[in-house]
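Peer 1: From first to last, the protein sequence lines are chains P and G. Numbering follows the working numbering, in which position 72 of the first sequence is assigned residue number 136; successive positions increment by one, without gaps. Numbering follows the working numbering, in which position 178 of the second sequence is assigned residue number 184; successive positions increment by one, without gaps.
No wet-lab data here; the hints were simulated from the structure. Here the structure is a predicted model, which means the values were calculated and not measured. Be careful, since some hints might not be right.
[Said to hold, decoys possible] Calculated pairs, DSBU-like style, for lysine-lysine (alpha carbon to alpha carbon, straight line, at most 30 Å):
#1 K298/G x K380/G
#2 K126/G x K152/P
#3 K294/G x K175/G
#4 K175/G x K152/P
#5 K126/G x K148/P
#6 K89/P x K218/P
#7 K152/P x K156/G
#8 K152/P x K218/P
#9 K89/P x K380/G
#10 K148/P x K175/G
#11 K148/P x K156/G
#12 K154/G x K148/P
#13 K148/P x K218/P
[Stated by the list, open to error] Residues from chain G shown here face chain P by an in silico Cβ test under 7 Å; the list is partial:
#14 E135
#15 L136
#16 S173
#17 K175
#18 S177
#19 A199
#20 M206
#21 S213
#22 D214
#23 L216
Glycine included, every Cβ here is placed at the ideal spot set by N, Cα and C.
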Amino acid sequence: MTNQPRILVVDDEPQLTRVLRTGLKSRGYDVRTAADGLAGFEAFNDWHPDLVITDLAMPSVDGLELCRRLRAISQVPIIVLSAKGEEKTKVEALDIGADDFVTKPFGIDELLARVRASLRRANTPHLNEATQTILDLGDFHVDLESRAITVRDKPIHLTPKEFDLLVYFIKHSGKVLTHRTLLAAVWGGNYVEQNEYLRVFVGNLRKKIESDAATPRYILTEPWIGYRFDSGER
Amino acid sequence: MRRSLLDHKWAGYVVAVLSVSALTLLLNVVGAHVNAATVSLALLLNVLFIATRWGSLPALAASIVAMLCFNFFFLPPSGTFNIAATDNWIALLAFLVTAVMAGQLSARARRRAEEAETGKREIEHLYAELRDAFERASHAEALRQSEKLKSALLDAVTHDLRTPLTSIKASITTLLDEARGRINGEPPVSLDAEARVEMMEVINEESDRLNRFINGLIDLARIEAGDLHLRRRWGAVEEIISAALLRAAPMTRQHRVELDIEKELPGVRVDERAVSEVVYTLVDNAAKYSEKGSMISITARRAGDELIQMGVEDEGQGIPGDLRERVFDKFFRATRDGDIRTGEPAGTGMGLAIAKGIVEAHEGRIWIESGRGKGTRVLFTLPIGDKDGGEELEYSASIVESR
Numbered sequence: 065m066t067n068q069p070r071i072l073v074v075d076d077e078p079q080l081t082r083v084l085r086t087g088l089k090s091r092g093y094d095v096r097t098a099a100d101g102l103a104g105f106e107a108f109n110d111w112h113p114d115l116v117i118t119d120l121a122m123p124s125v126d127g128l129e130l131c132r133r134l135r136a137i138s139q140v141p142i143i144v145l146s147a148k149g150e151e152k153t154k155v156e157a158l159d160i161g162a163d164d165f166v167t168k169p170f171g172i173d174e175l176l177a178r179v180r181a182s183l184r185r186a187n188t189p190h191l192n193e194a195t196q197t198i199l200d201l202g203d204f205h206v207d208l209e210s211r212a213i214t215v216r217d218k219p220i221h222l223t224p225k226e227f228d229l230l231v232y233f234i235k236h237s238g239k240v241l242t243h244r245t246l247l248a249a250v251w252g253g254n255y256v257e258q259n260e261y262l263r264v265f266v267g268n269l270r271k272k273i274e275s276d277a278a279t280p281r282y283i284l285t286e287p288w289i290g291y292r293f294d295s296g297e298r
Numbered sequence: 007m008r009r010s011l012l013d014h015k016w017a018g019y020v021v022a023v024l025s026v027s028a029l030t031l032l033l034n035v036v037g038a039h040v041n042a043a044t045v046s047l048a049l050l051l052n053v054l055f056i057a058t059r060w061g062s063l064p065a066l067a068a069s070i071v072a073m074l075c076f077n078f079f080f081l082p083p084s085g086t087f088n089i090a091a092t093d094n095w096i097a098l099l100a101f102l103v104t105a106v107m108a109g110q111l112s113a114r115a116r117r118r119a120e121e122a123e124t125g126k127r128e129i130e131h132l133y134a135e136l137r138d139a140f141e142r143a144s145h146a147e148a149l150r151q152s153e154k155l156k157s158a159l160l161d162a163v164t165h166d167l168r169t170p171l172t173s174i175k176a177s178i179t180t181l182l183d184e185a186r187g188r189i190n191g192e193p194p195v196s197l198d199a200e201a202r203v204e205m206m207e208v209i210n211e212e213s214d215r216l217n218r219f220i221n222g223l224i225d226l227a228r229i230e231a232g233d234l235h236l237r238r239r240w241g242a243v244e245e246i247i248s249a250a251l252l253r254a255a256p257m258t259r260q261h262r263v264e265l266d267i268e269k270e271l272p273g274v275r276v277d278e279r280a281v282s283e284v285v286y287t288l289v290d291n292a293a294k295y296s297e298k299g300s301m302i303s304i305t306a307r308r309a310g311d312e313l314i315q316m317g318v319e320d321e322g323q324g325i326p327g328d329l330r331e332r333v334f335d336k337f338f339r340a341t342r343d344g345d346i347r348t349g350e351p352a353g354t355g356m357g358l359a360i361a362k363g364i365v366e367a368h369e370g371r372i373w374i375e376s377g378r379g380k381g382t383r384v385l386f387t388l389p390i391g392d393k394d395g396g397e398e399l400e401y402s403a404s405i406v407e408s409r
């Protein structure tokens with residue numbers, strides 16, 4: 065057993081899996097590859113990797129189905145590789161529970177940054193524990209019991225929904241959250257199509273927490289998909 | 007159409023009165039030579055004319071005026087409305103009844119004809135509108151289909167360009183990272199010599215793949231534009247096949263290759279390099295889509311007096327019947343992205359489309375049958391060639407020149 069993080073790469077393109085295996089290994093990761101969703105799922109059960117990188121379009125069991133099957137049994141971080149033109153599938157994958165995406169063609173740096181962020185998030189499980197009453201992450205300090213928030217040590221006043229939204233963002237810091245996911249989490253299942261609700265609340269939140277709401281650094285927009293929260297950590 | 011003065015409603019009455027008066031005047035002038043019967047027939051004719059041109063009411067008016075004139079000028083004693091003889095009373099009554107009846111009947115016939123004409127015009131109009139609507143609809147449908155096809159082709163092309171580009175970009179950025187890491191003194195990326203070579207191999211192979219794809223696109227474009235210039239010469243089938251097999255040797259190394267070429271085959275007048283490309287494509291496909299160690303058979307024999315039939319057969323998974331036509335469509339792949347088991351790079355979905363183009367440019371035919379087992383058998387024919395064909399023409403461009 066090594067203590068290197070283990071990454072499973074699932075892609076039907078042998079050349080790309082070759083490159084990713086070498087590229088990730090050179091950064092100290094332990095890598096295995098699989099050529100389709102089915103083989104990927106088997107490798108996951110066999111090896112229990114710390115992170116899964118998967119292509120979306122693959123023969124037989126595709127990336128979407130792999131995400132679905134993995135989410136049924138595990139909370140392992142999943143990064144999907146997608147191409148322009150696959151936006152719909154990408155959003156679907158994120159809705160199912162994929163954590164992040166990288167658009168082809170990509171530089172290895174970009175992929176590595178996403179890998180690091182996903183692994184970091186997965187290694188801070190205290191954020192999601194129900195008994196936790198204090199969230200302390202980056203520039204944010206939240207007392208869940210008194211519902212008090214400070215940003216850069218400055219107290220801010222939020223409406224109850226703004227508070228819920230920000231707490232959700234903080235708890236899923238670094239992860240791409242689709243409009244649908246956010247609406248379902250904060251407003252409930254009946255509101256998943258009401259993107260404008262979200263836009264208004266995100267706009268208000270930005271005014272209260274960002275130093276410049278026009279160029280946000282905490283709540284980042286992922287065009288056509290949703291938002292990604294960056295706590296300003298390190 | 008512009009309405010003339012004669013089309014006005016009152017014009018019928020004016021013409022009725024005027025024409026009867028004029029006719030009466032004329033008959034009066036030649037009075038000595040006409041009898042009452044001639045006069046009544048002439049006036050009746052006038053009524054019919056009015057009826058056919060202006061309808062029943064002007065015809066009725068004409069009938070009455072004609073009756074009055076007949077009575078006044080031609081029935082004795084003339085110059086009065088009195089009538090001496092009883093038979094002339096009967097004649098006058100008969101004239102009036104005949105004139106009115108004939109007028110009404112011919113007016114009705116005219117109305118019917120007009121109605122029929124209007125109906126016909128309406129039907130023609132309706133038909134034309136329907137036809138236009140149908141043409142518009144089928145045009146829109148054709149446009150939609152063509153747009154759909156275009157976007158499917160675009161998807162296929164972008165996928166085939168982006169896939170090798172993704173591997174190239176990932177490789178090159180891995181190498182760049184290492185180089186930069188060394189320069190900036192960042193935590194070193196441990197890329198050993200073997201890994202570096204592997205990255206560069208990937209870049210090299212994927213560049214070749216991009217180039218093959220682009221060459222395929224050029225060949226396809228030439229075929230579609232009918233710009234496929236063949237260098238036809240007399241050649242031997244055996245030589246064409248062995249040239250293809252030599253080129254395919256790296257792919258078929260792990261298969262058993264069986265040749266079955268009929269003895270004393272006549273020569274063929276073809277573009278040898280192009281036909282060899284067809285055989286190569288078929289053998290390459292056979293190797294790609296069948297297990298290592300399985301058999302690939304290549305056959306060539308006469309088919310009748312004028313054709314040579316060549317075939318390549320494998321022991322792979324076969325192609326379902328409903329896809330056997332479609333695999334010759336450009337960018338269509340029966341299986342997605344090559345053969346996973348062998349780790350071979352994906353096909354471009356152009357090989358069979360190009361093969362078909364070449365075979366058809368030689369006036370041949372290419373098709374797929376079930377092999378002996380489950381496998382695929384691709385067959386194609388080539389005409390033996392016109393022995394009196396004279397000097398062979400040579401063209402500057404050849405399809406496989408760019409390879």
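Peer 1: Hint by hint, say whether it matches the structure.
Peer 2: Comparing the hints with the structure gives:
Taken as a hint, the K298/G and K380/G pair is honoured in the structure, with Cα atoms around 16 Å apart against an allowance of 30 Å. Between the alpha carbons of K126/G and K152/P the distance comes to roughly 55 Å, so the proposed pair goes past 30 Å and is violated. Taking the CA atoms of K294/G and K175/G, the gap is near 26 Å; set against the 30 Å cutoff, the hint holds. A threshold of 30 Å between alpha carbons decides the hint, and for K175/G with K152/P the separation of about 24 Å falls inside it, so the pair holds.
The straight-line distance between the Cα atoms of K126/G and K148/P is roughly 58 Å, outside the 30 Å bound, and the hint therefore fails. Using a Cα cut-off of 30 Å, the hinted pair K89/P and K218/P is violated, with the two alpha carbons roughly 43 Å apart. The hinted pair formed by K152/P and K156/G meets the criterion: a straight-line CA distance of about 20 Å does not exceed 30 Å. With a C-alpha separation of about 40 Å, the suggested pair K152/P and K218/P falls outside the 30 Å cut-off, and the hint is violated.
For a cut-off of 30 Å, the pair hint linking K89/P to K380/G is broken: about 42 Å separates their Cα positions. With a C-alpha separation of about 16 Å, the suggested pair K148/P and K175/G falls inside the 30 Å cut-off, and the hint holds. Between K148/P and K156/G the CA atoms are separated by roughly 17 Å; this keeps the pair inside 30 Å, and the hint holds. Annotation: proposed proximity of K154/G to K148/P holds, straight-line Cα distance about 18 Å (limit 30 Å).
Distance hint between K148/P and K218/P is unfulfilled; the C-alpha atoms sit about 41 Å from each other, more than 30 Å. Checking E135/G against chain P: minimum C-beta separation of about 41 Å lies over 7 Å; hint violated. With its C-beta approaching chain P no nearer than about 39 Å, L136/G sits outside the 7 Å limit, and its interface hint is violated. About 4 Å separates the beta-carbon of S173/G from the nearest beta-carbon of chain P, less than 7 Å, and the hint is met.
A hinted interface residue such as K175/G counts as satisfied when its beta carbon comes closer than 7 Å to some beta carbon of chain P; here the least separation is about 4 Å, so the hint holds. The closest approach between the C-beta of S177/G and any C-beta of chain P is roughly 5 Å, which is under the 7 Å cut-off, so the hint is satisfied. Annotation: A199/G was flagged as interfacial toward chain P, and the flag is violated, the nearest CB pair being 12 Å apart, outside 7 Å. The beta carbon of M206/G comes no nearer than 11 Å to any beta carbon in chain P, farther than 7 Å, and the hint placing it at the interface is violated.
Look at S213/G: its Cβ only gets to about 11 Å from chain P, farther than 7 Å, so that hint breaks. The restraint placing D214/G at the interface with chain P is violated, with a minimum CB-CB distance near 11 Å, outside the 7 Å limit. Checking L216/G against chain P by beta carbon gives a least distance of about 12 Å; that is not within 7 Å, so the hint is violated.
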